[in-house]
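Asks: Residue-level listing of the chains:
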Amino acid sequence: MTGSLFTLPRWLHPAAWWVWALGLAAAASRTTNPLLLSLIIAVAALVVSARKPDAPWGRSFIFFLRLGVAVIVIRVGVQLIFGAAFGTTVLLQLPGVTLPSWLAGVRLGGDITFESVLLAFYDGLRLATILICVGAANSLASPSRLLKSVPAALYEFGVSVVVAMTFTPQLVADVDRVRTARRLRGRPTKGVRAIAGAAMPVFEGALEKSVTLAAAMDSRGYGRRGEISAARRRMNSLLLLTGLVAACIGTYALIAAGSPAALGLPMLIVGVSVCITSITWSARTAVRTRYRPDPWALPENLVAGAGVLVALSFLGANWVAMPGLDTPSNPPTWPALPLLPLLGLLIATTPALTAPTLPRTIIGKLPRIEVPA
Amino acid sequence: MINFECVSITYPGATEPVLTEVNLQIPEGELVLVVGRTGSGKTTLLRAINGLVPHFTGGTLTGRILVDGRDTATNPPRELADLVGVVPQDPMSGFVADTVEEELAYGMECLGLTPDVMRRRVEETLDLLGLVDLRNRPLLSLSAGQRQRVAIGSVLTSHPKVLVLDEPTSALDPGAAEDVLAALQRLVHDLNVTVVMAEHRLERVVQYADRIVIVPGDGEPIISGTPSEMMGNSPIAPPVVELGRLAGWQPLPLTVRDARRAAGPLRELLTGHAAPLRIIKGARDATPLIVTDKLTVRYGAVVALKNVSTTITRGEIVALMGRNGAGKSTLLSTMVGLRLASAGVVRTNGKDPREIKGPELVHSVGLVPQDPGDLLEASTVAGECRSSDHDANVELGTTRALLALLAPEVMDGTHPRDLSEGQRLLLALAIVLAARPPLLLLDEPTRGLDYPTKARLVKVLRELAVTGHGIVLATHDVELAAEVATRVIVLAEGEVVADGPTHEVVLASPMFAPQVAKILAPEDWLTVSEVRAAMIEQVG
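Chains as they are written, first to last, in my numbering: chain A, 1 to 373; chain B, 1001 to 1540.
Isolated chain B, as found in the complex (with noise of 0.2 Å):
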């Protein structure tokens, strides 16, 4: 179905080739997974297979890339759109018309099908991606996991043989992703569509995939297979394949399933065996950073919080879960004096954060917000690192020996834009750290980062912890919070619901309990390295 013949790609302005001599076939009906680091050229291939690169943004493609027998170089994406449906990152950037039923018809009606064929459409798409009960409402009123199901129907309409998606799952909750795969399973199954589809969060979509796409990026040559083969050996794997390896399990299980099949002896051997204590020695104390009192916060007729009362302490890291929408993200900006509330108190050293103003504020809470590239405004790191010590009031120089500690790659004359979105996260959170806020706060920093980016956040953050800084991280990223946190808070339509122990609250529950928790249920493990530390002192 799709066959790339010795392709190359450079960008105007680049020495080297994002994409050097890529010999790819695609088969008909399969989904295909496509993973790499940031920055190795995942979203370049995606985008040429519907002609976007080069026609859109210019540069230079050798070689030949066939879609169903089309050639991309003399079809521009707009003749393609019969062929190949493309789902963009941020599926609202992508939305033309005001409400579902209208923005489902749009390529329909771009492609100039006869009224009577798009309604039937229209309704066929409501139906098989369970928007029914949406078809009339306003874009701007969905959930994001909606958003994102609009997005795939809007281009299935077209009756697409070939279905192109970039991160379908990274802005979306536990429980929203399940339905948009189920959906894409549904598609490859019933329709015979072949799905092209980057994601960095293996643990939820290697299960689904037929074949795997490894790009590594520097000019190395991409490598595909099936997921068993290149799972075996993968440098990046999701924690059933770790533990798998771990555990020397044949085949290489790549779902909660089997693997919890081939568990048995593993179990057995873990029996008896004490979970490790999971909290942060040496800094904790009950000092109270912040408070918050049957805090409540309203937009206008909806409530985003209520009655919410929590308090956190130095040395405690706690993951703020709960579906798109719960909340997460109004109690960290109020924690920060961004949102007004409308009853209850927030209070950090006994002051309401609102008060605070200027310097002040950043040397008590600080913030990474969901988008890190808002607080970069200059034109270089070091610019934007001069003014980081400048804003913090404190010794020049300070924020670029963080960056050096955090991410000791980046070079000072690079444009904040041309970071990879991890770099991106790290600066803005040396930035952060520059005022040294006893406090910190992340909203969903996991969004986008490949396993490498991940694993030295992770460590960033112990190491505040134990340095006595109180932590608090909003996540749809469970694997992260059974990794890092001490301590998890539920959110559900702005009440808490569960707060407690990270393994007691994760356990509880299916939606975000992490896979190795599911693989040795009922025992009480969270990830891999639990697992491999105790395995080594069993053996020694």
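Isolated chain A (complex conformation) (with noise of 0.2 Å):
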């Protein structure tokens, strides 16, 4: 872990880590070069490397490499078992099934060609390198860091989403405590039966929880009396949950290839100038106070903007229609690599060193997993 340019150790606003990740994410969903693709989940592995905690969720980088290698493989058989054959190298030959008429569009079987399974290969790939910049952001900054920086009028969305959360893992361990007691008892540990025996006790177990947790926060003031009515923050939330739909629909009509990027850029500000308000509004009446909120400062600056700029360097390339950002698979032809992405890419790298530091205290030893036993 090299130090970092601008800050003493400190954790990085996650809300930083995830537009820098979702940039890097966009870039991905623009090109089908199989070697620009391949840089993007280098720069994020990169990254991540040099900044991620050692935490539970830092660890979960190499579950989405993994979730990517078989979106891949996936989307690869798919290919070879129902897509259409077009191109000439043909591969293998598999004995072709005629299906009745009805079903005219599907094929199953017959020819592969090198073309169509590069074609797949190409699209998997783009999708597997989103998951990772997903993974990337997930294992960078925890999604629960994240939502204590959500706004007060979200709070009780946010709360819910934190105890689901923890509430997944939990299930695990149980569903594995039920096992375990099956075992105890000389019962089969596989198959219908037993998923449905264990079926029960789990979700006993996950109910009982959910109210201790629920006592355990009502008697530590969750929920006290604020000075502004119920309607108020009702009408609050309302506010922000449209003003963030609005937003998405403007993201997504500008990015998305062949929508009206006229209808985009006023749903866009319209969306986000309506969050606005309502978060100011909110903040104003507001009980609750935050502790230590993550600090929104230079390098906070730096790595969203890496990510931004990267989106925007391969969003430009395509708008310019810059050859190299798609690799056409029939012919199959070795992938160029364009100037202005190689060089967003570039940019997208400097978070590595950007970022502070941890605190040195983060890296305790491992979880101690308790053995339900």
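No lab work stands behind these hints, which were simulated from the structure alone.
It is possible that part of the hints are untrue.
Unchecked claim - Here are a few chain B residues that sit away from chain A, every Cβ distance over 12 Å (derived from the structure):
| hint | residue |
| --- | --- |
| 1 | A1182 |
| 2 | E1220 |
| 3 | T1271 |
| 4 | N1307 |
| 5 | D1352 |
| 6 | R1400 |
| 7 | M1411 |
| 8 | V1460 |
| 9 | G1468 |
| 10 | V1497 |
As the list claims (entries may be wrong) - Part of the chain B face toward chain A, derived, beta carbon under 10 Å:
| hint | residue |
| --- | --- |
| 11 | S1093 |
| 12 | S1141 |
| 13 | S1388 |
As the list claims (entries may be wrong) - The list that follows gives simulated cross-link-like pairs (lysine-lysine, BS3-like), each with its CA atoms no further than 25 Å apart:
| hint | chain 1 | residue 1 | chain 2 | residue 2 |
| --- | --- | --- | --- | --- |
| 14 | B | K1454 | B | K1518 |
| 15 | B | K1294 | B | K1306 |
| 16 | B | K1351 | B | K1294 |
| 17 | A | K190 | B | K1351 |
| 18 | B | K1294 | B | K1357 |
| 19 | B | K1357 | A | K190 |
Built from N, CA and C at the ideal position, the CB exists for glycine as well.
Starting from two chains that each stand alone, build the complex the way the hints lay out.
Replies: Below is the structure:
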């Protein structure tokens, strides 16, 4: 781990990491060039290895890498079995199945061409890259840290998401516990009946835990009466949600190929301003305060900026139809390396240096796995 | 500080109130210990202090509870959060954030304190409870004792005047329990916090208490008084008190130190009297039930067991001791084939337990897990017994007959969830014993058990050993180990650090020595019943 150029060790604002990672993902969505896609994955991996915390969520990147590989394998597999063949380089001839006429568009078996497999591979790689970018954000900034920064108007919603997220690992542990118990009673631990038998105790356990948690949160002051009325608070949340939806549609219209850009920009602007109004409004009346909120300073600007720039470089290259972004698979061509996106990717690596290093004490020992037995 | 004025509480659907006409005054700055059998209404009493009963649980409350002048009837728990801090039995179940520091701040965020106040209080609390090194650690990575201290810290940051704890040390090893109790002691002394705490392990806490409240259950009135008053004729008492009563010491000592100073004559009386032989007569032979050789188990990078070689034979009761996370549970679960050994071997009857499947396994090794409720899934006790007979392939009625021996008061139609902690344990034990496994493993059997149930468990285990069972119990309870074990194995970081006859191992360790041994050292006595037997012999 090298030191940061700008600040003392601290946590980077989680939103900055998410902007950076989503920028990379947006860039990946614009290209099928396998070289560029591999470079995006490399950039994500480089930054993650330089700045990930040694916490349970910090180790999730490797999981997303595996998920990426699985996505590619599935995408190519689907192409092999169902996809329409095109191109001339036949790799393999599978016995074709003649399907009834009402399934006219679907093909089963038949010739497998290099061109069609290559196209499927590019497509799978693109999807995998987007997933890996999300994984990078997930391991650099815990989703619950991100939720800590959600505006007060969405606080209740944020809490329920956090609670749901902590429950998933617990549910897994519960399933394990119940399977253990079945083994101890000499029952089968595999098969449909085993799963059916385990479901009831697991759900009972989950329900009981949520009641305990609710009692604990209640005793610690969650949901104390504020000065604002419930109606006003609900109004505020509604306003914010509407704004967010509008902003999302706007962003989608801007990014997605083939939709009118003229619709996108106004929609985005309206959405964002509605959000800001709602946030400032609720901030003025909130009872809750926030402990050590993550600051948004120069490193955050640099990291988020790197994400925006890499997205812009790919979008720009797409806009001017720069050759090399798309690699044709029929006929197979060697992918080119266009200059502008390459420059963008170079900028995207900078968070490995500009993001602050983490406080030392986070490097604790590995979590002890409680052994249910 | 806390006033119960003629309080009765009835849960919805119940015909009898849990608590009847409770009158109780707790002054500011006291450390109050609430004791009573499981199911007597202790937890209800504790939860009534911040209004969780009845605001959260439902039910009706008559009378009035005033906490610092505020009535819990009109103030729901969230409005009392700045006044009463509640630490639940399992601290992990109440955590909201994911790192220590954020968890400490959560309550203050809800109260809307300003950032600079929050920051200052978090730092103070980290120091007060010795959590500084853990501040950025994920809560999942903490040990049980550390979690308990974080849970206490997370309610302390709101500066409550009252702290309520439900069995804060029951899941902790002796060392971690001492840390937690020392922290509580400091709060009472330095910050004048009123602490109300329920605990079964009297031997750990009685010396810290200023007042003891006994909740007898069954509609009988609650009694309270100073520890020495209450301990004089309480049916439940720690070994130090029992020894004091036996020897007729006045005033009755509550701490090992006081007892030691009074114990001179008793030590003299016992000198030269041979300590009893602590082996189970009749059944002991060298038939090994399970053998481990250089057993190593890892979870990823964590080595849970390292080169453990041991043999358990018929007629032995082995206590497995060590810190939280020392590998006790792992050893037990490896012995029933739940964990894969990464090196070394486990053999029972010449077979690897992992290879043994279904009913055959329950006929050779039985494990009662840490939470015995895990084993139960039917909706009535009778149903549970029937499915157990079916699982174990034994004659119908076997489990029910066993249960009648272990816990005669348990009714057929009861839902297993409505049983008390101790009854649940005995039901699970009956299920496991139905298949007559020669080797019986128990993980933390006394967690949350009151003294009468514990005494019954001790009796059952002894009888099993006499009939030729081999028993291994993982436990933090040094008194139980001294009472029942013939051999003690101490694990530390997955390695065996001591293995030998009970008295040799526990006498050599200040952490695992029972109270009687500490009082009568250097003589070789472990339990009150041993001393009683010797004294009767001496006199008669």
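Asks: For T1271/B, is the shortest CB-to-CB distance to chain A above 12 Å, so the non-interface label stands?
Replies: holds (45 Å)
Asks: Is the nearest CB of chain A more than 12 Å from the CB of G1468/B?
Replies: At roughly 21 Å from the nearest Cβ of chain A, G1468/B sits farther out than 12 Å, so the non-interface label holds.
Asks: Can you confirm whether the C-alpha distance between K190/A and K1351/B stays at or below 25 Å?
Replies: Within the cut-off at roughly 22 Å; holds.
Asks: At a threshold of 10 Å, is the proposed contact between S1388/B and chain A supported by beta-carbon distances?
Replies: The hint holds - S1388/B has a Cβ within 10 Å of chain A, the shortest such distance being about 7 Å.
Asks: For E1220/B, which was marked as not at the interface, is the minimum beta-carbon distance to chain A over 12 Å?
Replies: holds (28 Å)
Asks: Using Cβ atoms and 12 Å as the threshold, tell me whether N1307/B really stays out of contact range of chain A.
Replies: holds (19 Å)
Asks: Could you let me know if the closest chain A CB is still more than 12 Å away from the CB of M1411/B?
Replies: Given a closest Cβ separation of 21 Å, the condition holds.
Asks: Assess, step by step, whether the Cα of K1351/B is no farther than 25 Å from the Cα of K1294/B, and give holds or violated.
Replies: Holds, because 16 Å separates the two Cα atoms, which is no more than 25 Å.
Asks: Per the CB criterion, is S1141/B less than 10 Å away from chain A?
Replies: holds (4 Å)
Asks: Regarding the pair K1294/B and K1357/B, is the alpha-carbon distance no greater than 25 Å?
Replies: holds (24 Å)
Asks: For V1497/B, which was marked as not at the interface, is the minimum beta-carbon distance to chain A over 12 Å?
Replies: The claim stands: V1497/B keeps its Cβ more than 12 Å from every Cβ of chain A (closest is about 19 Å).
Asks: Just double-check D1352/B for me: nearest Cβ-Cβ distance to chain A has to come out over 12 Å.
Replies: The claim stands: D1352/B keeps its Cβ more than 12 Å from every Cβ of chain A (closest is about 14 Å).
In summary, the structure agrees with every hint in the numbered list given earlier.
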